[in-house]
Amino acid sequence: MIAEKKYLQPASIQEALLMADRSENDFRFLAGGTDVMVNRWQGNETSSCLIDLSGIDELKQVTKQDNYLSIGSLVKLDELKYHSSIVSEFPALIEAADAVGSPLIRKSATLGGNILCENRCIYYNQSEWWRQAVGFCLKCEGNICIATGSKKNCYSEFVSDTAPALICMDALLEVVDKEGQRRIKLEEIFTGDGVRPRNLDKTAVIRSVLLPLHQEFRSVFNKLRQRQSLDFTSLTTAVSVDRNGKLKIVLGGVDPKPVVVEGTNRSDRKELIRLALKKSRAIDNEMFSRNYRREMIGVFLTRSFQRLLD
Amino acid sequence: MKSIKIKVSNREHELLIEEHETLAHVLRERIGLTGTKIGCEQGNCGACTVLLNSEPVLSCITPAMRCNKSEITTIEGVAENGELHLLQKKFVEKGAIQCGFCTPGMVMTSLDFVKKNPNASIDEIKDALSGNLCRCTGYKKIIEAVAETIYGENISGNGQENKSSDGKVIGTNQPYIEAEKKVQGKAEYADDIRLKNVLHCSFLRSSYPHAVIEHIDTTAASELEGVKYILTGHELPEKFGVLPISQDETALAIDKVRYIGEVVAAVAAETEEIAKAACKLIKVKYKPLRPFFEIDESLNDIGFDEKIHEHVKFNNNVHKKAELRFGNQAEGFHHSSYRSKMNFEFDGVTHAFTEPHAATANWDENGLTIITATQVPHYLHRALAKVLKLPLSRVRVIKSYVGGGFGGKSDPFPHEIIVSYLAMKTGRPVKIRFSREEVFISNHGRHPTKMTMELGTDTKGNFQVLDADISIDGGAYGSFGVVTSYYNGVLLQAPYKIENFGFKTYRVYTNKPQCGAMRGHGAVNSRFAMETLIDDLAHQMKTDPCELRLKNFMPFNTLTVGQYRITSNGSRESLMKVMEQSQWENRHGKLPFGHGLGVGCGFFISGSALPIIRNELPQSVVHLKVDFDGRVLITSGASDIGQGSDTMLAMIVAEVLGISMDKIFVLAADTLLTPVDLGSYSSRVTFMAGNAAKMAAENLKKEIISAVAVGKKVSADELNFSDDRIFTNDKTTDITWNEAIDIVTANRGAISVSGKYISPKLGGDFKGAGAGLSPSYSFGAVVAEVKVDTETGAVKVLNIWGAHDCGKAINPLAVEGQLEGSWHMGMGQAMSEQVKYFNGLLLNSNFLDYKIPTSLDTPPIHTNIIETADPEGPFGAKECGEGALHPVIPAIANAIFNAVGVRITKLPISAEDVLEKIKSSEIAYTAQETL
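The listed protein sequences derive, respectively, from chains A and B.
Heads up: the first sequence at position 183 corresponds to 183 in my numbering, and the numbers run straight through without jumps.
Heads up: the second sequence at position 310 corresponds to 310 in my numbering, and the numbers run straight through without jumps.
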């Protein structure tokens, strides 16, 4: 009746890739599990094979490589603050990591897992019975978006808290797949399509996150949520300025992908906000309204600019 | 299946498990360690926290396979050799445990934290606990317990002493008598009960809000191996409901469904998985009907569409109209120089106790036995007999430990009837446990409400008139709704003296899960409106809102306009206390823009004077038995749901008999063994069961006095009971308790005595006079301090100062716990909680989207017990578990007005709404200036 369930525990990346290859697409990599396990419970993630990466030690290192700090994708969110190089050069990452879920979640959840955290929508993150009762939506193989009535586009929200902080500090991903290892800009893995929000091959493993050293980033991180713990983001803003005055704005929670706007410390602030708003395709699919979240983009960014530039 | 080896609390286990099983499931179902609780299954509540290789993890979302060759510590492994860990001792001693369901997870999280953070600050403790939800305590005592474990000192000034210097027990801080059991994960909740050969039950629930059931095809499901019985509605046609006047519910939907989530079919099978799989195979053909979701739709004539209930009188969906008027409102308005009238809107909120409903039923030669998480075994007993057509003598209801109720486990529930029936039909025990989503669907929470209220005062500030027009959304069935309809109005007749008063409430049926009684039943939303109007009048009159309240308070020993008998009344003391503590006079209206103080007062019943089912039975009976060993057994039907009623009974008996608590044993809430008590609702238990226990103890004392007087040849008037001894004034006779018991039981054996409580006859003779009648009433006040971010509209509550008149605090530790929990729950309704629907489908049926405040969202709570010695309460005590909730919500809203001039008329308070109003008032202000 039900496909045989498997739980595999590779000891190396190569072994993980091999296992993935043999699982014919009916598998899911598991890092901390705080996202995947909940999605499984809700019936939104049904792979019969789970490949647990948590035994792979090479994914848990924090090292300096060339001009980058390399943070293994399986470093737990709670552990980031114990690495002095992160604390001194990239404090916004600590702030972002501390904004994820609850202290308990952060003790299991990993950096890589949070970057790949599945997009959310109040009409999607529901039990199977619920979704069946309302009619399956685009994101769960139905043919309509419950939130907008659209037959084409899914606007499930990108909700990672750490990714906006990383992107605003020009993070790269070191990705390993069948083809080998490569580096890509973090923002490039996001498609903007709520159904398939990332373009990474399912069999790819993020080895590490690379943050450029000596850029002297100054960053401000903010998260809109109703409670001070547990809640997913309704709007994340991460803004940074590097030593050359390059300014980068990244928004989460207001679009199926992170919204990125670049400028300099001399750019017209209103124009930056206008651009950010223009790119944000927030819809009414969570507890805060679309209008309010959009309005808060302006408030959060203005405050961030004041802290960074005034 | 795979084999794993794990070491759990120092014991090796080699197990065969399903590869995708969670650690929580393995611990509970395969190893049988039920101390680890499952509250949400989605990593939100923290009840399932265990240590995996010394790190806390949420075992409900931790794959068990990952734990192979690992060491796990569960709550069962924290105490060593029977000795509690210091942290556990502190949890017990500080009153950090109420229902105890969150306790195991809370202890595991804290255990890791105290070990790694020997210098933690209070803020860091609050942060560390913010992934563990507690619904009972408001976190205050939990934070204290953790802090004292770290600092090793008493930081709160209480919890140390459990006996006063004069040997009295009443008025001393007593940890719950079952607290040690709860802190070690040994207390068995309904889902922890393990009967042999049990079948598991699962439900197929309606996915239509309002539809005719045309056909149910169970063929495929019945062919599934392991399925034992499939039940549909027609087998149980008898209607039930908690109130005799609204018996409108059946155990399963018959011929039509009235809300999404209503039970359409039930399957009993060998395993939970099979039962669930079978439910998916049942095919139901529905014919949709026009659904009604909003109050207004149901109030109006519905044309040719089908009504939700056939029995409704008119062509609409109005379930109940309640209206009462006193004095002359027109004249009252005529004499009102200042009037305030507003429209209010309240979203529904729900109890959100941490323990999901669960029950196990069994049928044998003694008839039916059901062990269930209920607040009211007695009404369930009656409902089961009625629906299952059994004599009352063939039904036994046993309450397990209950992980929180707050009104949400007080109705007889369909699942309780269904598993009972299935046990009868299959001859095997049948068990059910709800998912968190099913708990939310079952609801019975506070009614979504719309109201218009108007209050008038003369120039001197004497209230002249109050009028309220209320409509409440009852959902698909009656529940306590008729009472709720009245409570919305009648409980406004105090604490302020108002001669001209009237209200009208409509309760409507809608196609949503039913609403019922929730902490502060019926009166919370209207209290919010009332206190808001008072604040507005004070503003109009340029007078202090506390002064205006003080001016209008009723005295003690008086009658209200609707003939409630007010005896003790601590309104004034409560308000003065919080004014003083918050430095009201120096700070109100004197803080910078965005920062404010607000006040609210409250009033609630201390037990409904009338039983739900009219009969001549006492409302509470307590039996005491004492035998040769000197131990006093208390048997009582009262339900301890975490509020501490078992401890209260023991304290009262100990006090009367002058014996120590360890000579007392409480057996409660088993309808075979314990005498009838109407249960834990309407804040009645301390007053009624407490009085019954006191009478029983006094009767036992009389027996002992007469036997000892004869045996020792002393005057009966001269005997004293204290410190486990019975002695004459001059101590020429001075015997131990056990010696006295030897004398009493000689030639007679064990003695049993009884005590009872029957409320005095109260109230007027008009229709509706019975609503809200109580032998006593509680009063209270709250001052809240807030900061409002004027650019985002976000509100932060900085402080809550609360005072509540509970008559006499029998157990101050427990009273504080009730008050703090009430204020916390009220703050949740004010700030973040709401039951949201999408086309009749519950949108936020989990702890992520239904937002109970976490420890980080909870401000410092300053607790004050006000004692007024109620003339009829046991030792002067009255309620403290519900009434305290009322004033906190308007206090927060009024503080927002004080901070930014924005009047809150809609709950929960949303940042968006506040921001909108700040902006429009700025526009108005600017416009005014330009004029």
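None of these hints come from the bench; they were simulated from the model.
You may find that some hints are simply not true.
[Claimed, not checked] Capping the alpha-carbon separation at 20 Å, the derived lysine to aspartate or glutamate pairs in DMTMM-like fashion look like this: (1) B:836 - A:128; (2) B:341 - B:458; (3) B:283 - A:128.
Quick caveat: nothing in here was measured; it's all calculated off a predicted structure.
Against the structure, the hints:
no. : hint          : result
1   : B:836 - A:128 : holds (18 Å)
2   : B:341 - B:458 : holds (15 Å)
3   : B:283 - A:128 : holds (16 Å)
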